[in-house]
Amino acid sequence: MFLAGINYTLYFYAFKGDLSKFARSDEFRFYLRVTVIAIALLTIDLWGRDYSTLLESVRYASFQVVSIMTTTGYATADYEKWTYFAQLLLVILMFFGGMIGSTGGGMKQVRILLMFKQAYRELYQLIHPRAVTVLKLEDKFVPKEILGSIWGFLFLFLIIWVSATLVMALQGIDIITSASTVISALCNVGPALGGAGPAENYAGLPLMAKWVLIFCMLVGRLEVYTVIILFIPHFWKK
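Each number in this note's numbering comes from the position in the sequence shown (counting from 1) with 7 added on.
Wrong hints could be hidden among the right ones.
[To be verified] Straight-line alpha carbon distances no greater than 30 Å define the calculated DSS-like cross-link-like pairs of lysine-lysine that follow:
(1) K147 / K28
(2) K143 / K28
(3) K151 / K28
Simulated from the structure, these hints should not be mistaken for laboratory data.
With the sequences and hints as input, model every part of the structure.
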């Protein structure tokens, strides 16, 4: 699962004998760092509370973190019986997804990384207003157009998430199930929380709710812009 969440371009270079690409990839290092930190946090939360031994806690935490973040969707435990912290952490990991060029869904690691980098740069500029800072990824300058596209993607992603959650809630579905199923569909994860948790399924949801989730799955898999542009009249005029 973890390997499938890696950019396949890195494997191409690895087959050619250039393994240094993994070490030089900012996105891969970020992906690895997020995975390790998430597993550590979840292990600490589970140990002594849900599982008696450290090894058991690491095993369940590792599998569920990697499965959710890479949008594989498998579950070896009913994580709805875990603490609220553990459940929230898994929902947050749905947003991250895999790397660009991988089989994973989600927002993609590189987008999250660049948003963190820009947020840090903005804070740095507030402290040092005269400093000239350049945002780089793997020693390459990131144009403002790329950053604008990423923030636009995030805005549309959140708007769709909130709007679809409201439509789900209008059908009498509780807020936990509504919000988690929508983000799970947008990120193509599979299991969610509430009525669609790892021990449940989507069969009991109303028909309209299923159509909403179908739309969200298409939007998420096609990276938002591809679907949204179809609803812009100017696109058809061209």
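Results for each hint:
1. K147 / K28: Status holds; Cα separation ~14 Å.
2. K143 / K28: Holds, at about 17 Å.
3. K151 / K28: holds, 25 Å
The structure meets every hint from the earlier list without exception.
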